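Asker: Take the sequence shown: its position 12, counting from 1, is numbered 114 in my numbering, and each next residue is one higher.
Simulated from the structure, these hints should not be mistaken for laboratory data.
Quick list of in silico lysine-lysine cross-link-like pairs, DSSO-like style, CA-CA up to 30 Å:
#1 K140 to K483
#2 K384 to K431
#3 K431 to K483
If you're wondering where the values come from, they're calculated on a predicted model, not measured in any experiment.
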Amino acid sequence: MLVGGYALSSACETICHASNAYDAFSKSCVTPRFGVGKTCAKVILFGEHSVVYGYPAVALPLRNLCMRATVSNECTFNFELDKSFELKSKTFPLNSHNSTSLLNSHSFGSAGSVGTSAQDSVHDNIYNNIDDNIVFSALGFTGLLRNIPPRFSSIRTAIHCALDFAGWDGERLYVLTESDFPPERGLGSSAASAGAIIRAILDYYGIEANQSQLFSLTQQAERVAHGRPSGLDAVATSSLLPVKYCNGSFDYMNINMRAWIVLADSGLKGMTRVTVEDLRKKRDENPTFVNSLLQELGDIALSAEDDLLNGSSENVGIKMIRAHRILDKLGISTPLLNDLVDAAYSNGALGAKLTGGGGGGCVIAIADSEDCAYKVSDAFKSAGAKKTWIVDISGK
Numbered sequence: 103m104l105v106g107g108y109a110l111s112s113a114c115e116t117i118c119h120a121s122n123a124y125d126a127f128s129k130s131c132v133t134p135r136f137g138v139g140k141t142c143a144k145v146i147l148f149g150e151h152s153v154v155y156g157y158p159a160v161a162l163p164l165r166n167l168c169m170r171a172t173v174s175n176e177c178t179f180n181f182e183l184d185k186s187f188e189l190k191s192k193t194f195p196l197n198s199h200n201s202t203s204l205l206n207s208h209s210f211g212s213a214g215s216v217g218t219s220a221q222d223s224v225h226d227n228i229y230n231n232i233d234d235n236i237v238f239s240a241l242g243f244t245g246l247l248r249n250i251p252p253r254f255s256s257i258r259t260a261i262h263c264a265l266d267f268a269g270w271d272g273e274r275l276y277v278l279t280e281s282d283f284p285p286e287r288g289l290g291s292s293a294a295s296a297g298a299i300i301r302a303i304l305d306y307y308g309i310e311a312n313q314s315q316l317f318s319l320t321q322q323a324e325r326v327a328h329g330r331p332s333g334l335d336a337v338a339t340s341s342l343l344p345v346k347y348c349n350g351s352f353d354y355m356n357i358n359m360r361a362w363i364v365l366a367d368s369g370l371k372g373m374t375r376v377t378v379e380d381l382r383k384k385r386d387e388n389p390t391f392v393n394s395l396l397q398e399l400g401d402i403a404l405s406a407e408d409d410l411l412n413g414s415s416e417n418v419g420i421k422m423i424r425a426h427r428i429l430d431k432l433g434i435s436t437p438l439l440n441d442l443v444d445a446a447y448s449n450g451a452l453g454a455k456l457t458g459g460g461g462g463g464c465v466i467a468i469a470d471s472e473d474c475a476y477k478v479s480d481a482f483k484s485a486g487a488k489k490t491w492i493v494d495i496s497g498k
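Take the sequences, apply the hints, and build the full model.
Answerer: In structure tokens form, the structure reads like this:
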């Protein structure tokens, strides 16, 4: 019996070793798969802040300032998973068939939809499993989705929503984003990164989605980032054309104008939440004054469509100056942003204004020649801009 018992134990050990070796070999032979997604920066040409109150707004996609996302089943960046955690996560493997059907039974498309407590518990378990098996890398952070910093909370939501839509199969994935523009500058970084990641995950799984579905998925992440977003960023960061927001809907606009946008980064983070709340308080205290200025911002945005279509770059410039003065009256601008606007206008720009939430962030200027654009760029830097970009927005 001892001999037999020993023989049986040895056989089991041999089988276990062989199984472990096979698992290791299988993993080493996994075919690398990749999914890619790309979006871009955007600037609000007209209508920031007034859009919060339902007035029109116009946004320009900056196609040469890209946000790129890559999703892979093998790590393409420096990361070493804690071994004890890796073993723990493998103790509770995900049943991918059940998880997919349960995930897809939950409607992300309806804002505010609430499931039963049992469904919520199931989804919490599934999301915990996702968080333990997705590695994310961007802007100085690399780690499991579970450990993602609060500033990336909307990205976590984007990954959850995209894997839900695609039908995650339980495999470990590595998600990387790389950007040509800085975050928290009013350039649509949160929407652009969410949109790029969503597209990369769907590309990885070979899943097609229409524009409405992509918008809905991105908006789920944007609600985490901004509370009640208009959706303008989600549309503009994936658009080839300027976008007009009016009466709750979006329309694409044509440009028939030879012009360059010069973008200047003040080096200070935008303070959108603060400026939006401050403006709300001012509006409550003095509704007549504030509403008249918001109405003017909306009127400027509404009339800009004809200027862009008819090539009236001078009119666009004049309206930019007027819009900036209104935003300054509303307390949205800062001394540095004002200095940047003045520097651009004094060096040949047809117009200039802050863009985005204000309190920091960026300034944009419009120039009617490439030479003028470079001159304005130099003026921005002399006035304190940390970085500048030149974007040809000419309709072609």
